[in-house]
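Residues per chain are reported as follows:
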Amino acid sequence: MQVSYNWLNEYVDISDYDPKDLGEALTMSGSNVEHIKYLGEKMDNRIVTGKIKTKKSHPNADKLWIYEVDIKTDVLQIVSGAGNIEEGNIVPVALPGCCLPNGQKITEAEFRGEKSQGMMCSPRELELDLKIVPENQQHGILILPDDTPIGESFKEVMGFDDYVFEFEITSNRPDCLSIIGIARETAATLGRKMKYPMVNLPEGKGNARDMVGVQIKDEQLCPRYTARIVDNVKIGPSPLWLQNKLRSAGIRPINNIVDITNFVMLETGQPLHAFDYSCLKGRQIIVRRAQKNEKITTLDGKERVLDEDILVIADSEGPVGIAGVMGGLNSEITSETKTVLLESANFYHANIRETSKKLGLRTEASTRFEKGLDPELALEASNRFVQLVDELNAGEIVKGVIDVYPVKPKINKIKLRFKRANQLLGTDISPEEMIEMLERLEIKIVEKGDSYVIAEPPSFRNNDLTRETDLIEEIARLYGYDKIKPTLPTGETTAGKINYRDRIIDKTKYILNSCGLNEIITSSFTGPKAFETIKLKEDSYQRAVKIKNPLGEDQSLMRTTLIPHMLDIITYNLNKMIEKARFFEVGTIYIAKQLPLKDLPKEERILSIGMAGECDFYSLKGVVETLLESLRIRDYKFSPFEHPSFHPGRTALLKIKDEIAGVMGEIHPDVMENYDIAERVYIGEFKLEKIIDYTDLKYKYEPLPRYPAVNRDIAVLVKDEILADTVKDCIQQTAGEIIEEIKLFDVYKGKQIPVGYKSLAFSIKYRSHERTLTDEEVNQIHKKIIKTLENKLNAKLRM
Amino acid sequence: MKEKLEQLRKEAIEKLKKVTDKVSLDKIRIEYLGKKGEITKILRDMGNLPPSERPIMGKLANELRNEIQQRIEDAFERIKEFEKEKRLKQEIIDVTLPGKRHVIGKKHPLSLILDEIKTFFVGLGYEVVEGPEIEFDYYNFEALNTPADHPARDEQDTFYITENILLRTQTSPVQVRVMESRKPPLKIIAPGRVYRADTVDATHSPVFHQVETLAVGKNLTLGDLKGTLIEFAKFLFGPKRKVRFRPHFFPFTEPSAEFDISCNVCNGKGCRVCSYSGWLEILGCGMVHPRVLEMAGYDPQEVSGFAVGMGVERIAMLKYGIDDLRLFFENDMRFLKQF
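Which chain is which? The protein sequence lines are A and B, in order. Mapped onto the numbering used here, the consecutive letters of the first sequence carry residue numbers 2 to 800. Mapped onto the numbering used here, the consecutive letters of the second sequence carry residue numbers 6 to 344.
Extracted from the complex, chain A is given alone in its bound form:
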């Protein structure tokens, strides 16, 4: 909402307030000023208004004109290339010595032998916002309204010597989407008197009721409809003051009738609509729901297909406008219009919002209606309209108003307890002060008790002020939030907590950071393409939770895996020439229990780890092992696995205590081809809940070993397909508890090793907790191990 300082000053005296101070005061009372703009920035006062006296062609140049321009104190000769202006036009003239907004200095000059004492300006040269310049004046010299005084500063005459406040209006205050609304707030904030515009209704002739009938078919969607008629309208330009006001609000002047409707809307907040009366068939206005597939072409020239949830204004034959949103082209005001029917009505906010959304059509009117307007406003605005039409001589008012207002809303009665207010705010405001503040806001006190009052809000706040707490807020904001003393809560305390699960997640992050992995955060969205890219079948994403109104196909599903996200980030970084990509993410996946969704889906925490560049499968596995060991998870196992996204020979399944906890491996070359990445990428995806379940941080001291360990190495030759873990398990099982640790320290293939075989070398640490082991004992066990390996796995001892 844009509000001009000068305009505001007409309703409440703020002339002693600096715009910045005023802005701060209003922000602190709840009308947040987002910024303040001076309209005449860079506009030199030596740009003045001048009237063209004569126009003639330049004797020595085909494309130049010589003008005589009256600037009241002088008559200047100006040479110009622009020919769009004629004798009698009033135009902006930049005098010699002045500076244009773009920095260009104007000097007296000579063009082909003719002197030129200044320059007439176009809207672009003045750096005007083209949105507020009449459409036919976007090119050539700007022509000002005929009632513009001459010889004056252009900036002042055009109302640019003014500040504009940009307000953030919250959804509970549609009444503030108007100059009067902001003026009321200003008056209440500063404790000053509000000066409402005086409305003197012109008498008028004839009787509007004889000319049109109004019927509301749906009272819920249209609580009030008023109509007035203006006859013999004289469409023409508006006077300068009116044009200036519209411009200060960022609205382009069009013609007197349209400008007045816009002016009244800006001033009161009530959107008005003017129909060409002659186009209304059957002298009827019917406010009704549209029929299914009923059509209307709106003012913007687009055909709209309607349905039963859309409210239309219709005549006896069909729709002439979409209620509260936009009028129909069939009843548009044109230069031919003789008689105008003015609609000032009230529509149900939620319905207008729905319609506006459905049609993708947001207008000045709909943005106001969809917030919920005061039905009382409808008649006030209509009165203001006819008053201005009369004053500006834009037409003849037909006597009478048609006002269909079936149910007048009941005004709330709200009890306010003084003690309660102070209790909730932590203040000590006296009852008198509270009452005074409420009255400043036009809230009526209808009953006064010792400890309370009963108050009635003004009609324009009736939707917003419904209960005690609403009044308490009004008191708080007028009292000043800045005056409220900051305290810390006293009374019963609570224990601060971070739960076990979050602490484990935090520890997990800490361990992974220590392993050199960077934490990433990615979007929860995914799309069918992402599943295909990682070679998952169609049914895998058909089970994903689907968004009804996604931003796009690629963001239409809730993710069920983090693999594509990890791949995206790795790819992004490799493409940025980062050599070692090391990442992890703690993210959520969303698993529907049934589709279509009836209950909330399961939200599962996933740990995703990814790396590329100077690493291999075992780098990834090492990180995972480090994590599991650090969380003191003991019973875990990796085994070969197949997964469509992964390399068939380089994928492992992680199980903790026989429960599946994740999958990891090298990403399938086909997938990498889809990403157009030559680097090998390793990714693991783990169920964080399982990891948390098996984490054991109940540390317990174990006595340090009292007897020495005996180390023995063993190297065996086994067939390629025999897994290292199988050999290891076999050793462990054979020897039992006497083995403290088995470490694989070498895998060898090549010279001296037959094809299809590999050599595995283990270092075994034996220890007893009861005594020192003898060489003899260890040798015996060692021999037994060798024998078992030979028998069970066909292993051969290497010496």
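Don't take every hint at face value.
Unchecked claim - Below are the BS3-like pairs computed for lysine-lysine, each with C-alpha atoms no more than 25 Å apart in a straight line:
| # | chain 1 | residue 1 | chain 2 | residue 2 |
| --- | --- | --- | --- | --- |
| 1 | A | K486 | B | K223 |
| 2 | B | K111 | A | K688 |
| 3 | A | K622 | B | K111 |
| 4 | A | K759 | A | K784 |
| 5 | A | K508 | A | K638 |
Because the hints were derived from the structure by calculation, they are not lab data.
Keeping the supplied structure of chain A fixed, place chain B upon it in accordance with the hints.
Just chain B, lined up with the frame of chain A:
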């Protein structure tokens, strides 16, 4: 004989003065004191002397042996010291060469900020809780005093899954879930992911993060809310930043407020970053609306509460001076490494 001893002494002293390494020193020791050494020989030949000279000569020879022994030891110490000095000199390194570093990874800046926020509120007795991201309309809107026809619904473009299941647009539904299952007094902080149908740009993302805090108890006041937030701002942004607490509107709080800190780019004078206001909004808050308390089964005459909602991205941007929200989700290592 005496002269010979003196001669030996001079010779030995001279040699020991010149010796600079342990091997040569050992040779000298053997030459004089070894089994076949000069002095050993003299002592051994002592029997050939007349008995009357024996005691004197024996004494002199022994003295000489002791002296040379001592001098050899001294020379040994000297050589050891010398060799140590030599080694130390040889071992000088360039301490400005790079160290052998351990590459550690970094936490995401959003996690860092979240950790700080949690630390502050946990210290004040808040418990960290979570709620679902895919939520019922009821919890996200209805129970937060935002029924279907409420104009405030407009301000948040919502992603829907079904008619009544949506992606939560705020972390506030966690308030309701907690109140439904617990009795006051309670203090909770609920961080999490939220969604709004905004297209991505430098300040918007359809997926972002919020932190919600809620305190409910007897006699909690707007002053308590203000006091809590002033401490919070000091904790997060340092004691020098100015703060501003000003009225605002949210359907689920009344009175409502927004909380600003002074712009650190212009120190409150007004610049592009703060759109010339001198202030940066960091959060929204207010006293829990009595309707919300009622819907959760609390009696607003008995208890009151205050709630705070803040955007984690926004706070991270303000604190770290990040000017584009997209950086958080691009996860460029060069960005992540900075934190």
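- [ ] Of all the hints given earlier, name the ones this structure violates by number, lowest first.
- [x] none
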